[in-house]
Amino acid sequence: MPEILPIGGGKGGVGKSFVAVNLGALIANSGHRVVLLDLDLGASNLHTLLGIKNPRGGIDDFLSKKAATLEKVAEPTPIANLTFISSLHCSMEIANLFHAQKVKLVSAIKTLPFDFIIMDLGAGTNFNTLDFFLASEKGIFVCTPEPTAIENAFRFIKSAYLRKLKQIINLNAFNKMVKHAVLESGRGDLGSSDIIDIVLKYDPGREMFLRESISRFQFGFIMNQFRKNIAPDIGEKMKAVCNRHFYSKFQFFGNVAFDERVSESVLKKKLFALHYPDTEAAAALKNIAERLSQKRSLADRMSEVS
Amino acid sequence: MNTFEGQHHYEILKIALNADVKEIERAYREALEIYEENSLITYTLFSEDQRSDLLQAIDEAYHTLMDAERRAAYNQYLIDSGVAEAAAFQTNPPEEAKAEVAPAPTPTIKVVAPSPKHRDLRTWVQKRSLEEEIKGLVAEISARDTISGSDLKKLRQTLDIQLEEIFELTRISTAVLTAIEENRYESLPAEVFLKGFLKTYAQMMQIDPKHVIAGYLKNKTAATSMRKSK
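Line by line, the protein sequences are chains A and G.
Numbering of the first sequence is given in this note's numbering, commencing with residue 6 and proceeding in unit increments.
Numbering of the second sequence is given in this note's numbering, commencing with residue 578 and proceeding in unit increments.
In short, the hints are calculated from the structure, not lab data.
Keep in mind that a hint or two might mislead.
[Said to hold, decoys possible] Here are the simulated DSSO-like cross-link-like pairs (lysine-lysine), alpha carbons at most 27 Å apart as the crow flies: (1) Lys206/A x Lys797/G; (2) Lys254/A x Lys274/A; (3) Lys242/A x Lys591/G; (4) Lys591/G x Lys244/A; (5) Lys143/A x Lys254/A; (6) Lys206/A x Lys704/G; (7) Lys244/A x Lys599/G; (8) Lys242/A x Lys712/G; (9) Lys599/G x Lys712/G; (10) Lys206/A x Lys772/G; (11) Lys58/A x Lys273/A; (12) Lys591/G x Lys163/A; (13) Lys254/A x Lys591/G.
[Said to hold, decoys possible] Just the calculated beta-carbon pair ranges, DEER-fashion: (14) Gly18/A x Glu763/G: 38 to 48 Å; (15) Gly18/A x Thr668/G: 15 to 25 Å; (16) Asp194/A x Gly713/G: 36 to 46 Å; (17) Lys181/A x Glu759/G: 55 to 65 Å.
Just so it is clear, CB atoms sit at the ideal spot from N, CA and C, and this is done for glycine as well.
Work out the full structure: start from the sequences and follow the hints.
What follows is the structure, given as structure tokens:
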């Protein structure tokens with residue numbers, strides 16, 4: 006089974022694509038087969054960060070059935086082991102995928118024959134973005150230590166958490182009253198604690214199941230563009246407070262220092278982490294990539310044993 | 578999202594049952610840093626209501642645990658309700674090596690006299706409860722098999738007491754008191770805590786706490802099962 010790592014984060018400009026592309030390159034560099042998917046539908050530019058000028062048909066070819074499988078639309082990148090799937094050629098309306106297309110795309114993504122599938126998601130909390138994020142049991146979000154980015158990050162977490170709860174209710178044997186109250190009530194203000202209350206009220210025997218299901222979902226997060234004047238433990242504290250107030254698990258992957266050479270590397274079309282390996286930011290990214298791929302190796306060893 | 582519901586003061590501040598004053602201070606400062614309104618760590622994570630409930634619970638925990646007398650009473654309450662063993666509140670015996678160097682300091686117990694305002698409220702209730710109107714109301718409620726939150730509210734209002742005053746004296750948050758009075762069972766804390774709150778509240782109004790607890794819980798059970806069968 007491939008390890009699926011969606012990278013989201015609510016706010017634009019916090020460095021989701023930067024993190025996705027650099028983690029992808031670093032994990033590929035350590036010998037794993039990695040595919041990067043540009044799922045920022047309607048605002049694709051991952052190819053530019055990779056130094057690819059004219060990407061192939063990508064997701065558009067797959068959805069329009071020009072290509073039989075999603076694997077066929079993947080193309081090589083200048084980095085060994087790193088493959089890329091573009092969404093640049095998707096039509097202007099693609100940002101509003103039809104439900105059937107989304108289902109088709111998500112199930113194709115899940116079976117791509119790679120060790121790591123890294124998805125670069127768009128900004129905001131629209132249903133497409135959330136559903137790509139929830140395609141995996143673990144999602145990563147990127148934020149920066151600013152109120153605006155943190156506000157959007159929390160909105161993103163709460164939206165993803167709420168949608169996950171609804172998904173669990175929808176896909177499992179909860180009774181009619183719960184399903185009706187959660188899925189068909191039309192209440193726009195239904196929050197995550199309301200859902201747990203509804204289950205407690207109408208189907209109390211299933212409350213533990215709901216909590217266990219939502220607790221299997223893991224959020225990892227990265228604090229990007231970190232500047233020296235900010236308390237370095239803010240990420241750890243955010244992690245602790247989220248673990249306390251959500252039933253899902255949160256882990257903090259670390260601070261990636263702000264570095265002016267990041268924009269320089271984009272201009273030069275060089276991959277930052279590989280081009281400036283001795284910087285603090287590159288070291289942090291390398292550390293995160295190692296943590297992510299170590300888990301993979303451990304899981305591989307476990308499956309070999311069993 | 579879950580808040581601090583059902584957590585006791587030590588859990589809210591994330592400290593051990595035998596934490597010393599220094600640790601309580603540190604935990605309180607840390608909690609404020611995380612939950613205060615302008616904290617970047619929880620910026621927009623909570624609604625205004627949620628945040629004020631969380632802060633009130635933190636304050637309540639801190640003030641209870643920092644007051645030796647109130648802390649002892651609260652510990653006893655946790656012991657009585659089976660939440661913790663008495664031994665868990667003991668301060669750790671100093672390691673032997675350390676004991677040789679210096680004898681263990683005897684803990685100083687600071688007994689804080691209740692503020693005049695608090696004493697006033699107690700005397701006030703004492704005085705009022707001699708009046709015929711109050712006597713009648715207490716007798717009426719005491720004769721009932723099931724007791725609703727509105728009975729307690731009526732008694733409180735007839736006694737001319739504000740919720741804030743009860744909070745000042747008992748440190749039971751006004752949110753909990755309101756939920757008790759309005760029979761909002763889903764907002765009430767776990768039953769062990771609810772019993773404790775009802776006991777304190779009843780004692781304050783000088784009405785038999787045992788009867789109030791039994792009557793209130795009976796009413797609650799009846800109402801909850803009715804809702805379920807609907």
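Hint-by-hint comparison with the structure:
1. Lys206/A x Lys797/G: At roughly 15 Å apart (the allowed maximum being 27 Å), Lys797/G and Lys206/A satisfy the hint.
2. Lys254/A x Lys274/A: At roughly 36 Å apart (the allowed maximum being 27 Å), Lys274/A and Lys254/A break the hint.
3. Lys242/A x Lys591/G: holds (13 Å)
4. Lys591/G x Lys244/A: Answer holds: Lys591/G to Lys244/A is near 15 Å, not above 27 Å.
5. Lys143/A x Lys254/A: holds (9 Å)
6. Lys206/A x Lys704/G: With Cα atoms ~44 Å apart, Lys206/A and Lys704/G exceed 27 Å; violated.
7. Lys244/A x Lys599/G: holds (25 Å)
8. Lys242/A x Lys712/G: The hint is violated at about 53 Å.
9. Lys599/G x Lys712/G: Judged against 27 Å, a Cα distance of about 46 Å means the pair is violated.
10. Lys206/A x Lys772/G: holds (22 Å)
11. Lys58/A x Lys273/A: Between Lys58/A and Lys273/A the Cα gap is close to 13 Å, so the pair holds against 27 Å.
12. Lys591/G x Lys163/A: holds (24 Å)
13. Lys254/A x Lys591/G: holds (18 Å)
14. Gly18/A x Glu763/G: 38 to 48 Å: With Cβ atoms ~41 Å apart, the hint holds.
15. Gly18/A x Thr668/G: 15 to 25 Å: violated (52 Å)
16. Asp194/A x Gly713/G: 36 to 46 Å: holds (45 Å)
17. Lys181/A x Glu759/G: 55 to 65 Å: About 30 Å separates the Cβ atoms of Lys181/A and Glu759/G, which means 55 to 65 Å is violated.
Against the hints set out earlier in the document, violations occur for numbers 2, 6, 8, 9, 15, 17.
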